[in-house]
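Asks: Take a look at the letters that make up each chain.
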Amino acid sequence: MNRSYAKDIATGLASLLTGMKVTMTTMLTKGHTVEWPREAAQVPLMFRGHIQLVANKDNGFAKCIACGACARACPSNCIEVKGAKPEGAKKKSPTFFMLDFTTCSLCGLCVESCPVVAITFSRDYALAGFELQPFAGMDLLKDVASPFVEERNDI
Amino acid sequence: MIMEITIVRTLLSILGITLVVGLNAVFVVWLERKVAGHMQYRLGPTEVGPAGLLQTVADGLKLVSKQIIFPRSADTPIFILAPIICLVPVFVALLPVPFSENIQAHELDVGLLLVIALGLLNTLGILLAGWGCDNKYALLGASRAVAQILAYKIPLLLCILPIILLSGTFSLREIVVAQDHSLWFALYQPVAFLIYLVAITMETNRSPFDFAEAESELVAGFHTEYSGMMFSLFFLAEYTYMFVAAAIASVLFLGGWLGPFFPGPVWMLLKIYFFLFLMMWFRWTFPRVRVDQMLSFGWKILLPISLLNFLLTAGVMAAL
Amino acid sequence: MFDSQTAATYNLETVGDQENDFILNLGPQHPGTHGVLRVVLHMDGEYILSADPVLGYGHRMQEKIAETLTYTQVLPYMARMDYLSALSYNQAWVCLVEKMCGYEVPRRAEYIRVLTTELNRISSHFLWFGAFLLDLGAFTPFLHAFEDREKILDLLETLTGSRLTYCFFRFGGVGADVDSVFLKGAQDFVDHMRSHLASYHDLVTGNVIFQERTRDVGVILPFDTWGYGLTGPVLRGSGEKYDVRLREPYSIYPELDFEIPVEQTGDCLARYLVRLQEIEESLNIIEQTIAGMPEGPIRSKVPKIIKPPEGEATMSVETPRGELMIYAVSDGSKIPYRVKYRVPSFANLSIFSKMAKGQLLADALAVLGSLDLVIPEVDR
Amino acid sequence: MSIIETALHDVNVTVEAQDYQQSGIHAQAEIQAEQLKSVCRALHSFCFFLETVTAVDNLSTETMQGVWFFNHYRQSARFKVVIETGRNNPVFPSIGAIYPGAVWHERETGEFFGIVYDGSKDSRCLLLPEDVTFHPLRKDFKRPEQQIAGIH
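Residue numbers (this note's numbering), protein chains in the order written: chain A, 1 to 155; chain B, 1 to 320; chain C, 1 to 380; chain D, 1 to 152.
Isolated chain A (complex conformation) (with noise of 0.2 Å):
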């Protein structure tokens, strides 16, 4: 018998065993599945889920100041604010912040570009749903105060 021949089979046949040696192994280490959502997913402190309006601390109206940066910073036109002034404020406050969650990016360019630092990240991951119209039109005033909120229950 040709010597190569049959060194060829047995080189091959321990490649082959060495192959399923590391399947194994692998089968006899624990797995590293996350049962969400049985368990929680961890999710970083950086996470970038949907845009969100930071209130201000002091009377939990949102900080936000209708300047309309974030609008304008948007490469696919994704935010629409509207703004107005209360009687006897200095700054303008949001009437109207509706975010298009369908053709965002989450590129963060909003964030980066608002002056007073009034839009954070979400950090909600499970954003799943069965209809699009939550998405395509979230209310991002919802969340948080804004001395117009009343107002426009109103209508």
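The hints are simulated quantities; they were obtained by calculation from the structure and are not laboratory data. Keep in mind that the hints are not guaranteed to be accurate.
For lysine-lysine, the following DSS-like pairs were computed, each having C-alpha atoms within a straight-line distance of at most 30 Å [stated by the list, open to error]: (1) C:K64 / D:K142; (2) B:K136 / B:K153; (3) C:K334 / D:K139; (4) C:K304 / A:K82.
Dock chains B, C and D against chain A, hints included.
Replies: The following block gives chains B, C and D in isolation, referenced to the frame of chain A:
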């Protein structure tokens, strides 16, 4: 009286075989997914039933409830016939398989021959499936399946022959009995055992020889166009076929139901699932062999070695 | 499926008897093409007579989009071309604009850029490794590679906030500073991979089936390389030691000590080996950047509205797939006048029809896998 | 003498050195359309690889610039070749016979700008659908709403 016993026996056999086929499929698919999962740092199915055991049942129910799509240009009779031709022979092939001294659907003097012959029908089913659905991927898959038959079938037979020489019978039960007072034949015939292992992997279209359905090349190979229940019939046939091949392997080489402490059927099943596990282990470790490489492997390595092994065995037997 | 009448509009070279030709339409939905690539194959049995890639299923007209957005707004779009090496694309764009405007970048920011980009390169190579083995029919290496890739993604997520389409670099710096936890995590990953890469070689590289499937398959001769403009590991597998990090060094690469792995044979195995060695070299680079991470600011002051002076500039970086060159023409306004992306996968794919000729179908898919294509990058 | 000048020694074109630090380009040459093939042949024989083929549409000067980028594997030498022609029905020679990789670049640039690459053996659309009648990267391109709607 004898007539009635025969009828009862036949009915029991049919029931038993159906149960074996069904439960085996449920268990093996679950096992395969578990093995695959754990070999890949995953968990496999966990949700349905204890440890996900009923996952296959749920999947089966889903498949049954799905619409069967007939391609417009398909050859409908052949399209329908193909999965049936795949499945029925493996049912029949379970007839002569002995699970213990007494548990056997039908004792045949030529049981081994029957199983080997029926094994070829599986390829016919694949060919029909590939041809009937008028899909180019399916046709390629089917032609691959047909092209490889001889490459594994001849070494397979040449591996069985030494066992026939050692035991002197074609009956599966007799072969096990012949191992009762001697060692298991795997120890007499390690080369034949190894080649048989490779050959049944080829025969059952399992990875690394799964070119008939080669996912990354042929989408799903011969069953590309099959959906719903007809797809699951192929699936059922594949896993039952694996079961039969493993059962024959344990009868031929590992002494069938023989073993200490446990009753016969337990040993038999243990051995069968040992083989099935081996085949899963292969599948989840190796890349796929190319068609021509498999052919040259079959003809240039398996065939000469198994032939040599057979001649050697025959020579030694004659000398003794 | 594809009947011969439709195929005729594709102006295929007439091979043999047109009536009886076996035309296989591989893709755009096919597990072996990794994305929406379609290849029209003329076949004789299992042998491929001619292959004609049909592109554009994922085409988004990125170059036109860039002409409608400001320089800052283009940045997030960068990650959407080659989503597996988003940071390389980030780097190309920010470096280009910095070059045009003459912005300074603090050294710490340069180190962070290189550190994260190399991590990204490893994660991209891991995905390629898995996908290539998937093409060869092995599923387990895919998830083994993903297991380690996951560690990188987790690490980068803590820094950048996203897992795949990073938008992390900024003009004149980076978006966030690394902390000691991140650096320790990166060092742990390097140590883990150094020992763990052996299991990749045990599982795949040494495997006789793998060797048989890749050796002498899809050989790219050195003569073809410059005609088709090949770059990256595809080129280095054919023996040419060309790497943008070496030839046109940018950032802090000249100061770092690393090798450019080269293989001579030009087959699928050579490309595979080059990439696996690149993983090791990237680990070296990462370790050096961790050790040499200087203190200091991470962003220099740049104007809010970026208006590069009139003129043109090119910037090329080495992505995991090869040389990415961006050519931008500015007319002095805040919107680019013209942007051209020279993407590596595009050139690397263009040689496929030449390589596939006369191959078995299974080999052609192995070749396709070994080219490491990201189809959205080709289509842009 | 740089490798670019060495390569183009026999071709009658003037190579202007560029500020590499500023632009990333080592040299550029504005040539006539007839010269392109001989330039490419000279570059190919010196193992320059083709980086890309593209174009720049100048609406203000009513010109179309054909741009070819070459680079070298062994040393850093990015070379830009420019040919200028009118905006209406621009035609450039195809270099697909010299650089086979150029065919795809030419197909892409051709469909984006409405440029005809003369002598190309394959001028089908590459990235756009086969039946588009517009050239999106031309500066006078207006988004054809109906056609866009028809595509998807």
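Asks: Indicate, hint by hint, whether the structure satisfies it.
Replies: Each hint, compared with the structure:
Between K64 of chain C and K142 of chain D the CA atoms are separated by roughly 11 Å; this keeps the pair inside 30 Å, and the hint holds. Restraint check: the Cα-Cα separation between K136 of chain B and K153 of chain B comes to about 26 Å, which is no more than 30 Å; the hinted pair holds. Between the alpha carbons of K334 of chain C and K139 of chain D the distance comes to roughly 17 Å, so the proposed pair stays at or under 30 Å and holds. Between the alpha carbons of K304 of chain C and K82 of chain A the distance comes to roughly 22 Å, so the proposed pair stays at or under 30 Å and holds.
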